[in-house]
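Here the structure of chain A is known, so what remains is to put chain B in place on it, guided by the hints.
2 protein chains.
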Amino acid sequence: MKIGIIGSGNVAYHLVKMLKETQAVQLYSRNAENGLQVAENFSISFENDSQNLIENNDLIILAVSDDAIEKIAQEIDFADTIITHTSGIKSMHLLKSTSSNYGSFYPLQTFTKNRAVDYQTVPFLIDANNEQTRNTLTNLAKKISSKVSHVQDEKRSRLHLAAVLVNNFSNHLFALAQDYCTENKLDFDLIRPLILETAQKVMTQNPSEIQTGPAKRNDKKTIEQHLSWIEDENLTELYQLFTKSIQQKNR
Amino acid sequence: MKIGIIGSGNVAYHLVKMLKETQAVQLYSRNAENGLQVAENFSISFENDSQNLIENNDLIILAVSDDAIEKIAQEIDFADTIITHTSGIKSMHLLKSTSSNYGSFYPLQTFTKNRAVDYQTVPFLIDANNEQTRNTLTNLAKKISSKVSHVQDEKRSRLHLAAVLVNNFSNHLFALAQDYCTENKLDFDLIRPLILETAQKVMTQNPSEIQTGPAKRNDKKTIEQHLSWIEDENLTELYQLFTKSIQQKNR
Numbered sequence: 046m047k048i049g050i051i052g053s054g055n056v057a058y059h060l061v062k063m064l065k066e067t068q069a070v071q072l073y074s075r076n077a078e079n080g081l082q083v084a085e086n087f088s089i090s091f092e093n094d095s096q097n098l099i100e101n102n103d104l105i106i107l108a109v110s111d112d113a114i115e116k117i118a119q120e121i122d123f124a125d126t127i128i129t130h131t132s133g134i135k136s137m138h139l140l141k142s143t144s145s146n147y148g149s150f151y152p153l154q155t156f157t158k159n160r161a162v163d164y165q166t167v168p169f170l171i172d173a174n175n176e177q178t179r180n181t182l183t184n185l186a187k188k189i190s191s192k193v194s195h196v197q198d199e200k201r202s203r204l205h206l207a208a209v210l211v212n213n214f215s216n217h218l219f220a221l222a223q224d225y226c227t228e229n230k231l232d233f234d235l236i237r238p239l240i241l242e243t244a245q246k247v248m249t250q251n252p253s254e255i256q257t258g259p260a261k262r263n264d265k266k267t268i269e270q271h272l273s274w275i276e277d278e279n280l281t282e283l284y285q286l287f288t289k290s291i292q293q294k295n296r
Numbered sequence: 046m047k048i049g050i051i052g053s054g055n056v057a058y059h060l061v062k063m064l065k066e067t068q069a070v071q072l073y074s075r076n077a078e079n080g081l082q083v084a085e086n087f088s089i090s091f092e093n094d095s096q097n098l099i100e101n102n103d104l105i106i107l108a109v110s111d112d113a114i115e116k117i118a119q120e121i122d123f124a125d126t127i128i129t130h131t132s133g134i135k136s137m138h139l140l141k142s143t144s145s146n147y148g149s150f151y152p153l154q155t156f157t158k159n160r161a162v163d164y165q166t167v168p169f170l171i172d173a174n175n176e177q178t179r180n181t182l183t184n185l186a187k188k189i190s191s192k193v194s195h196v197q198d199e200k201r202s203r204l205h206l207a208a209v210l211v212n213n214f215s216n217h218l219f220a221l222a223q224d225y226c227t228e229n230k231l232d233f234d235l236i237r238p239l240i241l242e243t244a245q246k247v248m249t250q251n252p253s254e255i256q257t258g259p260a261k262r263n264d265k266k267t268i269e270q271h272l273s274w275i276e277d278e279n280l281t282e283l284y285q286l287f288t289k290s291i292q293q294k295n296r
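The listed protein sequences correspond, in order, to chains A and B. Going by the numbering used here, the first sequence opens with residue 46, and the numbers climb by one from there. Going by the numbering used here, the second sequence opens with residue 46, and the numbers climb by one from there.
Everything labelled a hint here was simulated from the structure, so no lab data went into it. Be aware that a few hints might be false.
Note that the list lumps identical chains together, so a pair holds whenever it fits in one copy or between two copies.
Claimed, not checked - Using 25 Å as the maximum straight-line C-alpha spacing, the simulated DSS-like pairs for lysine-lysine come out as follows:
| no. | residue 1 | residue 2 |
| --- | --- | --- |
| 1 | K188 | K62 |
| 2 | K62 | K246 |
| 3 | K192 | K246 |
| 4 | K158 | K65 |
In isolation and in its complexed conformation, chain A is listed as follows:
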């Protein structure tokens, strides 16, 4: 199957890397400079004309930012070519007007250029407006990963919220912890192994069953001591709110 990828960001970069081993892959990007760079990096062909991309390929993957999906869908006519986006939150039905075969092809993972990911372990969430398209997308995902599931449009969007909690929010907690360390001349590297082990534990255990800490055991003295050390107002509020939430969940 010949696959056209639109985009040049982190997801487009990794999709090219995932797919080029087993498929013919072409790339198109409105940002031609970035697009060319990705194409050259993986020695695949860069297509300057979006209409050519559609005519030359059986399936188009729209690996662009959430905001760009609707715009591109309106600008480009995909006719019968299978078109899918890679968004966590956006409905696949945004693509309804642009092709009779559309779907969603969502790799539920965080991607950065130049950082290797074990694709076999990446959950792919697939849906489509008809069974044939869904099968095509599912079979494609199975060439990349062993964790492919059919997840309906709205369920995928709802899962995206959980992804925001465990990725965006926990990463921000790490950032606040690093700021606090810097302000107090503490070495954040001493904290890093704990971040990894905390995550590794959750691979095999349920987080609610392994909760520990001053909030859990209602250690008021430590909680007060901690709060006296925090200068960032948002972190103070977060500390209080986490303490309340942990206590209510565990009482």
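Chain B only, in chain A's frame:
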């Protein structure tokens, strides 16, 4: 060197496991049943009498809960025997009245019985009331880990706050995400690989430099959509506060 460990919890369990390869280790616990179980598990001797433990050993490690440290220090006379606790937050000076040689021996990691940890990568934070004791504790820690540092008493307590943020609070975020998944009949296993990759990224990158998500790009539509799906009041407040904090940090 002969080492006596007091305690039978997760830290005591792992200290026995860490130390018994290279040292003579004895265990004492006020909870004799649990203590015996740990001792039998690692084929070391269990000592019923705390005074015998002190007389038989060169160094006593108090691997007990924070609240128990002061109590045990008051009840037992350690004379000149080196005594150290393993607490993140408590001052080593709680041990001042009980021995002329005291310190802190803090493995900055989360431990669970029966879960293997690569001890070589565990940061050990060491301090003591005199140089000789500090050297003894440092040399002992170096037999276990390659990451041993002298971190002064108050600095260690302050670091413990950062540990609470990245361990207790991120684990609670994971627990809330799992609750949300359960309520919405979503498969939390689809989220687990993202938790691990988020942590792994922070091993080599600074979290503030890799922040992404709707809050970071001020995607109001997604933020509103997410908030409409959350039913837990504390999670609603946390979502709003994280969004505000991320936006203020990244503007």
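Here is what the structure says about each hint:
Taking the shortest Cα distances, K188 and K62 sit within 25 Å of each other inside one copy (12 Å), while across copies they are farther apart (43 Å). For the homomeric pair K62 and K246, the shortest alpha-carbon distance between copies (19 Å) is at most 25 Å, but the shortest distance inside one copy (30 Å) is not. Within a single copy, K192 and K246 get their C-alpha atoms as close as 20 Å, and across copies as close as 21 Å, so both meet the 25 Å cut-off. Taking identical chains as interchangeable, the C-alpha atoms of K158 and K65 lie at most 25 Å apart only when both belong to the same chain, with a minimum of 16 Å there against 44 Å between chains.
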